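Residue numbers (this note's numbering), protein chains in the order written: chain A, 47 to 191; chain B, 47 to 191; chain C, 1268 to 1685; chain D, 1268 to 1685.
The hints are simulated quantities; they were obtained by calculation from the structure and are not laboratory data.
None of the values given here were measured: they were computed from a predicted structure.
Be careful, since some hints might not be right.
List of simulated lysine to aspartate or glutamate pairs, EDC-like, C-alpha gap at most 16 Å [claimed, not checked]:
| hint | chain 1 | residue 1 | chain 2 | residue 2 |
| --- | --- | --- | --- | --- |
| 1 | A | 166 | C | 1288 |
| 2 | C | 1590 | C | 1664 |
| 3 | B | 62 | D | 1618 |
| 4 | D | 1570 | D | 1278 |
| 5 | A | 191 | A | 97 |
| 6 | B | 166 | C | 1288 |
| 7 | A | 172 | D | 1278 |
| 8 | B | 145 | C | 1288 |
| 9 | A | 172 | A | 151 |
| 10 | B | 166 | C | 1335 |
| 11 | B | 166 | D | 1288 |
| 12 | A | 145 | D | 1278 |
| 13 | B | 166 | B | 140 |
| 14 | C | 1570 | C | 1335 |
| 15 | B | 62 | B | 105 |
| 16 | B | 172 | C | 1338 |
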Amino acid sequence: MQLDSLYQEVILDHYKHPQHKGLSSNFDAQVHHVNTSCGDEITLNITLEADIVSSLTWDGQGCSISQASVSMMSDLLLGKSINDASAILSSFCELMASKGTSTGDADLLEDAVAFAGVSKFPGRIKCALLGWMAFKDVVIQAQSK
Amino acid sequence: MQLDSLYQEVILDHYKHPQHKGLSSNFDAQVHHVNTSCGDEITLNITLEADIVSSLTWDGQGCSISQASVSMMSDLLLGKSINDASAILSSFCELMASKGTSTGDADLLEDAVAFAGVSKFPGRIKCALLGWMAFKDVVIQAQSK
Amino acid sequence: MPLSVEEIRKDFPIFERTVRDGKKLIYLDSGATSQKPNAVIDAESDFYRFHNSAAHRGVHQLAEEATDAYEGARETVATFLGAPGGSNEIVFTKSATEALNLLAYAMGNAAPGSRFALEPGDRIVVTEMEHHSNLVPWQQLAQRTGAELAWFEVTPDGRLDLSALDTVISHGTKVVALTHQSNVLGTINPLDEIVRRAHEVGAVVILDACQSAPHMRINVEELGIDFLAFSGHKALGPTGVGVLWGRINLLENLPPFLFGGSMIEMVTMTSATWAPVPQKFEAGVPNMAQAVGLAAALDYLTKIGMDNIHAHESALTGLLLDKLLAIDKVAVIGPTSNTERGSALSFTVSDIHPHDLGQFLDSQGIAVRTGAHCAWPLARRLNVSATTRASLYLYNDEQDCQALADGVVAAQRYFGSF
Amino acid sequence: MPLSVEEIRKDFPIFERTVRDGKKLIYLDSGATSQKPNAVIDAESDFYRFHNSAAHRGVHQLAEEATDAYEGARETVATFLGAPGGSNEIVFTKSATEALNLLAYAMGNAAPGSRFALEPGDRIVVTEMEHHSNLVPWQQLAQRTGAELAWFEVTPDGRLDLSALDTVISHGTKVVALTHQSNVLGTINPLDEIVRRAHEVGAVVILDACQSAPHMRINVEELGIDFLAFSGHKALGPTGVGVLWGRINLLENLPPFLFGGSMIEMVTMTSATWAPVPQKFEAGVPNMAQAVGLAAALDYLTKIGMDNIHAHESALTGLLLDKLLAIDKVAVIGPTSNTERGSALSFTVSDIHPHDLGQFLDSQGIAVRTGAHCAWPLARRLNVSATTRASLYLYNDEQDCQALADGVVAAQRYFGSF
Ligand SMILES: Cc1ncc(COP(=O)(O)O)c(C=O)c1O
Ligand SMILES: Cc1ncc(COP(=O)(O)O)c(C=O)c1O
């Protein structure tokens, strides 16, 4: 069933047990992103040490895809350099744009390749990208401080 | 040929030799009406004596139908009482709305029954009515003075 | 007269297709947009095929035919709404959204002191259950003019709280704009008292009939309102056409909105005067084919009978309410009683996010809408950031309702590991 | 490559019908609205038949398909215009008239002091040959903001008088809005100098491409302009759809126009923020089927080739000019030389009022337009209260031109008794 390619076990796991959820009280920058078409919301806090993402916490509400995606993302990007994080971000965006033709770069994306199936559901791509776009934004803000 | 039912000889006559054209210098009321869809224009002057249309002059430019119609109208309504003129006006409007099914009330409309054919050409009804609508308007203005 | 849904569906070509690998299409999203019968699709194509030309703008036969078709559509709409002033009271817009913006902008164009001018001290009244299209234009008008925006609140069971009617619609209220039926809750709002009070203080009543005009008999005279807007595409009609109805004397006094060809009387380089109503509000070559398609839609609806359609939907709504409320963890957002409500039915299923539920239902061929349904303030007031909405129309039947209930249960099973 | 008009006509069902008791239809009114090929009619119907649903608004398969179709149409338009910023630079409106009003109103919504705000001392520049749709919105904006309206005059032979370019486009000019091709004269305006000067003083250039985009290759980047508007229905597309193109950074800075569903980011009862471009400018359920139909039209045009179409029309225009000028008492209003001109051709025949001429031609099956063509100031400047206009397109041929010339001569005979 095609639906199973969307709702991978690891995605539902993250949805049930979100990682790094709960906003840190200190941060270099904070952004709030909303998926205007369905109302999903995410607030993302970042702290950078030198070039490294030393803290990445979030809060939000929304569907399993948006929440699992931000959970997995924070797991993945925490401790990475901005450069490495950007490469992972690009790779994830590429995967989302692949319309189901790519399985994702497992070296870079690790568990996040589970989102490959989302790319077949155009209505859900924005959900999967919500946290990632917030990350892109929050980095710019943290760096321009 | 259907076109001939539109361009009756008497209509072309009035177009070539318009009656009461040239605005009187004295008047009780003056109106300026425009056919917005084609730019035809008519200015109409009226003078009432008691209840009688004692002067009705006009100037304007436009197609044969609009110019002939106002010419014939001024011929027809000059000297009539407001009541009689209104009856003639109603009868003309009815004829225009008849979609070619009526030949017009010759007792009231006299030569203006020649416009019966116009009612088959919806694009031209406004042309034929231009002067008559101006008359309706100018009477109201003259009476409210 | 009960509808023969089987017969009706034959008129709608989309039901010949399947979705998601051969599943039967169960379309429960008519509140977003309705499907179209062949009569409508053909009316629009036939206009292009046989009569296409710019209405009001030529002396040739095609222009005559196009004008007849377009103005004939206006007559049909006037009759459909029971417009007391006839077809001159009907303005074609591109959508209800445009119709509502037209009113707000036109009022914004009113000369200070004139009938529709708003200024500080004046009030615009809306409700908390408005669609964004009947809220944001008024927010903006209030901001531009300094008028105050006030609103009726919504009770927990999804009705308008009219307890403070006379204070909310205060002296100084110039506009009362509200929805006839909530697109989220299904609530049908009672109008009599609101109209009475609005007119008492000299305000005009603007009705957003997007969710009512397609589903029940509307007679603007009986409702006593002043303006009404609805969208063609929710009423079996084409996309790209909406309707504004207004009382003729009000339309005549309202300044124009869009400026350009066909809405003018005279133009110089620095000034312009306006054509009579309704042309004054229809700048540019109009959406003729869509107006003609909408007329075909209204003819289709009228033939089946608006009262029959409403009765059919009411019966299905009652059934669906019962079925959904019987499912564990399902909460209906909006009136759970089947009185004064239409067939838009929003609900939540605890533990399953609406977006996930909608996705699951889609995999079963069931089309619903999820989210805040363009009514964020309402969602916030009712404390639900998103819901799942099923909305019914004349082509839905009991099987569709059963399929939805079964789908919800199956979704609970699918996501049960949560 | 020369066009095969015979083949092309087979694509347009309207040419299968006759007019006025069996006469062949000679359609010379494409400047008002073009005829539609089957590809366009079918694209619109097929949307309703197979994919109809509200774009951007559902999780179900139909909503995905509708979104794809609608956004795909946006891509097609972006490619057609050579939009440097891609499809986000394309806003679907209901018409060119709405697109131009959108710009004027959105600028009117700009906060004082911001990029697009106009105030006393600022200037808006138009030309004397504008269609009312690109004149009256600017008149109104000038009136509302206190900005000054200035214009380029038209020379007796129907060209823009640019001799005072640098004074007309003064420092303080914020907007230069002009037509690419006059719908009355056929004149194609030279843009390079105007664009250079406008940008020198910091003004944006808004091009009304209603009469050019359907007839010649347009590349907005090469033209160097900032905004462009055209109507679908004049470009083989459906009625009820228009296009606004704008540079992405300008669109991003421009306040919205219509308010409502789908154009917002967040809404409370008293405030709202906006969605990104282009959604910010598309409130409500969009005219999806019409956008899809327009894309089919642009595909059709592109397949034939805009350069081929332009060459075809140029050749016919030259021919028609010769034929008309050879007739006694005929005067062409607009350039009589066939350079920098499109295929809209206005003329007068002394002693025969255009309305009567048009009526006579109609009786011969020939569809032309008569009047002031929504350009009153131009008519007044050229001292012709009305003209007869023939306008050509890819489905016209030499026989059509000959028929018109013969028709004019026959009209002179018919009305000869004058
Ligand atoms: C030059 C020009 N500008 C603007 C318009 C307005 O286009 P529409 O009526 O499709 O909005 C037209 C055609 O009517 C036109 O020819
Ligand atoms: C209650 C209500 N008002 C207004 C609208 C706006 O209609 P449209 O998007 O067709 O302009 C809608 C639907 O979207 C609606 O449901």
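For the pair we were handed, residue 191 of chain A and residue 97 of chain A, check the Cα-Cα distance against 16 Å.
holds, 13 Å
Hinted pair, alpha-carbon criterion (16 Å max): residue 1570 of chain D, residue 1278 of chain D. Please report holds or violated.
holds, 13 Å
Hint check: residue 166 of chain B vs residue 140 of chain B, CA-CA at most 16 Å. Holds or violated?
holds, 13 Å
Below or equal to 16 Å on CA atoms is what counts here, so check residue 62 of chain B against residue 1618 of chain D.
holds, 10 Å
Assess, step by step, whether the Cα of residue 166 of chain B is no farther than 16 Å from the Cα of residue 1288 of chain D, and give holds or violated.
holds, 14 Å
Straight-line alpha-carbon gap residue 62 of chain B to residue 105 of chain B, limit 16 Å
The given pair, whose Cα atoms are some 14 Å apart, holds under the 16 Å limit.
Check the hint pairing residue 166 of chain B with residue 1335 of chain C against an upper bound of 16 Å on the C-alpha distance.
holds, 13 Å
Check whether the Cα positions of residue 172 of chain A and residue 151 of chain A lie no farther apart than 16 Å.
violated, 20 Å
Tell me if the straight-line CA distance from residue 1570 of chain C to residue 1335 of chain C falls inside 16 Å.
violated, 22 Å
Check whether the Cα positions of residue 145 of chain B and residue 1288 of chain C lie no farther apart than 16 Å.
violated, 56 Å
Taking 16 Å as the top limit, are the C-alpha atoms of residue 172 of chain A and residue 1278 of chain D close enough?
violated, 40 Å
Is residue 166 of chain A within 16 Å of residue 1288 of chain C, Cα to Cα?
holds, 14 Å
In this structure, the hints that do not hold are numbers 6, 7, 8, 9, 12 and 14, in rising order.
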